Amino acid sequence: MDGHPDLLALDALRAGEGSAEERAHASQCPECRATLEGFRRLAAGLAPAPLGVPESVKQQILARTRPSPRRRSWRPLAAAAAVLIGLGAVWVARSARPSLPGDVDRNGRVDIVDAYALAVRLRSGEKMDLIYDVNGDGRVDERDVEEIARRSVSLR
Amino acid sequence: MIRALLVLGLFASVPAPAQQPATRFVTVDVYATTGGRPLAAWQIELNCDPSQAKIVGVEGAGPKPPYYDPAALDGGRIILADFSTEASLPSGRVLVARVHFQETGSPVYTPTLMAAAAPGGERLEPKIDLVRAGGK
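In order, the protein sequence lines correspond to chains A and B.
The first sequence runs 1 to 156 under the numbering used here.
The second sequence runs 1 to 136 under the numbering used here.
A few of these clues could be false.
SDA-like mimics (lysine to any residue), calculated; alpha carbons at most 25 Å apart, straight line [stated by the list, open to error]:
#: 1; chain 1: A; residue 1: K58; chain 2: A; residue 2: S124
#: 2; chain 1: A; residue 1: K127; chain 2: B; residue 2: L95
#: 3; chain 1: B; residue 1: K54; chain 2: A; residue 2: S124
#: 4; chain 1: B; residue 1: K64; chain 2: A; residue 2: L77
#: 5; chain 1: B; residue 1: K64; chain 2: B; residue 2: A22
#: 6; chain 1: A; residue 1: K127; chain 2: B; residue 2: T85
#: 7; chain 1: B; residue 1: K54; chain 2: A; residue 2: K58
#: 8; chain 1: B; residue 1: K64; chain 2: A; residue 2: A9
#: 9; chain 1: B; residue 1: K64; chain 2: B; residue 2: T104
#: 10; chain 1: B; residue 1: K127; chain 2: A; residue 2: L87
#: 11; chain 1: B; residue 1: K64; chain 2: B; residue 2: S106
#: 12; chain 1: B; residue 1: K127; chain 2: A; residue 2: S124
#: 13; chain 1: B; residue 1: K64; chain 2: A; residue 2: K127
#: 14; chain 1: B; residue 1: K54; chain 2: A; residue 2: R109
#: 15; chain 1: B; residue 1: K64; chain 2: B; residue 2: N47
#: 16; chain 1: B; residue 1: K64; chain 2: A; residue 2: K58
#: 17; chain 1: B; residue 1: K54; chain 2: A; residue 2: A9
#: 18; chain 1: A; residue 1: K127; chain 2: B; residue 2: G121
#: 19; chain 1: B; residue 1: K54; chain 2: A; residue 2: A20
#: 20; chain 1: B; residue 1: K64; chain 2: B; residue 2: G105
#: 21; chain 1: B; residue 1: K64; chain 2: A; residue 2: S124
Note that these hints are calculated values from the structure, not bench results.
Only a predicted model underlies this, so the values are computations on that prediction, with no experimental measurement involved.
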């Protein structure tokens with residue numbers, strides 16, 4: 001193998017992919033092992049946020065961090081890119097996910113307008129994300145609308 | 001004469017029945033005035049002093065009652081709500097619910113708008129008013 005695997009290859013190794021040659025290199029090379037470990041920690045931290053960074057953005061960032069043939073100064077840039085990717089993914093995930101179960105319109109509270117909004121979307125045939133599975137039965141349907149309506153009038 | 005006085009004395013010694021508060025069953029109609037916008041969803045809290053009146057039933061404007069917590073029955077606080085995804089929706093002054101109370105005093109009923117929306121989910125601020133009927 002000629003030189004270190006690039007970041008994409010190391011990330012592929014983290015995900016259980018990559019070639020046997022790259023795996024062998026990463027197990028021997030302290031630098032690559034450290035980068036791989038950093039990726040693993042980052043991935044563990046992002047586990048609750050299933051949304052990823054768009055591939056085009058990832059490619060642009062990684063293109064800037066690829067090592068030049070003469071210098072291997074990509075490691076600080078890679079660390080910065082990893083942090084940016086992580087923060088971006090967390091931000092995207094948080095902004096896409098309601099803070100309260102059933103808060104469909106994300107205004108910070110659950111009321112009848114949330115039930116209405118979900119009912120309208122279901123009626124239009126829109127495919128709904130499981131974050132709206134308020135009753136936890138693994139599906140988003142009219143029963144979730146009923147559950148939101150019930151919660152909105154609860155006196156407790 | 002003596003016999004008549006004895007009879008009167010006997011009646012006077014019988015304790016009078018305790019004064020029971022008069023119980024009345026009344027309805028309170030809840031209206032939302034949207035100012036011409038169709039009303040797709042609404043949520044209103046209704047309060048009164050439970051020592052003066054208790055909630056005993058709820059009706060909707062249509063065939064089914066609005067959403068409410070059954071724990072509200074026999075108390076003085078209830079949250080009512082409903083929505084419709086139908087194309088044809090009421091506007092203007094809309095009767096949204098009728099609440100039945102058992103009054104034992106002189107309650108003051110206080111409605112509070114919690115949420116309302118037009119079709120599409122745009123938030124509305126309709127005026128809420130009540131009409132009490134019955135119990136005369």
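Checking one constraint from the list: CA of K64(B) to CA of S124(A), max 25 Å. Satisfied?
holds (24 Å)
Between K64(B) and K58(A), is the straight-line Cα distance small enough, at 25 Å or below?
The hint is violated at about 53 Å.
Restraint check for K54(B) with S124(A), where alpha carbons must lie at most 25 Å apart:
Answer violated: K54(B) to S124(A) is near 41 Å, above 25 Å.
Quick one, are K54(B) and A20(A) close enough, alpha carbons at most 25 Å?
violated (76 Å)
25 Å limit on alpha-carbon distance, applied to hinted pair K64(B) and A9(A):
With a Cα-Cα distance of about 61 Å, the restraint between K64(B) and A9(A) is violated, given a limit of 25 Å.
Sort out whether G121(B) lies within 25 Å of K127(A), counting only the CA atoms.
Cα-Cα ~18 Å, so holds.
Hinted pair, alpha-carbon criterion (25 Å max): K64(B), G105(B). Please report holds or violated.
Violated, at about 30 Å.
Verify the proposed pairing of K127(B) with S124(A), using a straight-line Cα cut of 25 Å.
Violated, because 30 Å separates the two Cα atoms, which is more than 25 Å.
25 Å Cα cutoff - pair K127(A), L95(B):
violated (34 Å)
Given the hint that K64(B) pairs with T104(B), test it: the Cα-Cα distance must not exceed 25 Å.
violated (28 Å)
Hinted pair, alpha-carbon criterion (25 Å max): K127(A), T85(B). Please report holds or violated.
Holds, because 18 Å separates the two Cα atoms, which is no more than 25 Å.
Satisfaction of hint between N47(B) and K64(B), Cα-Cα up to 25 Å:
holds (22 Å)
In this structure, the earlier hints numbered 1, 2, 3, 4, 5, 7, 8, 9, 10, 11, 12, 13, 14, 16, 17, 19 and 20 are contradicted, and the remaining ones agree with it.
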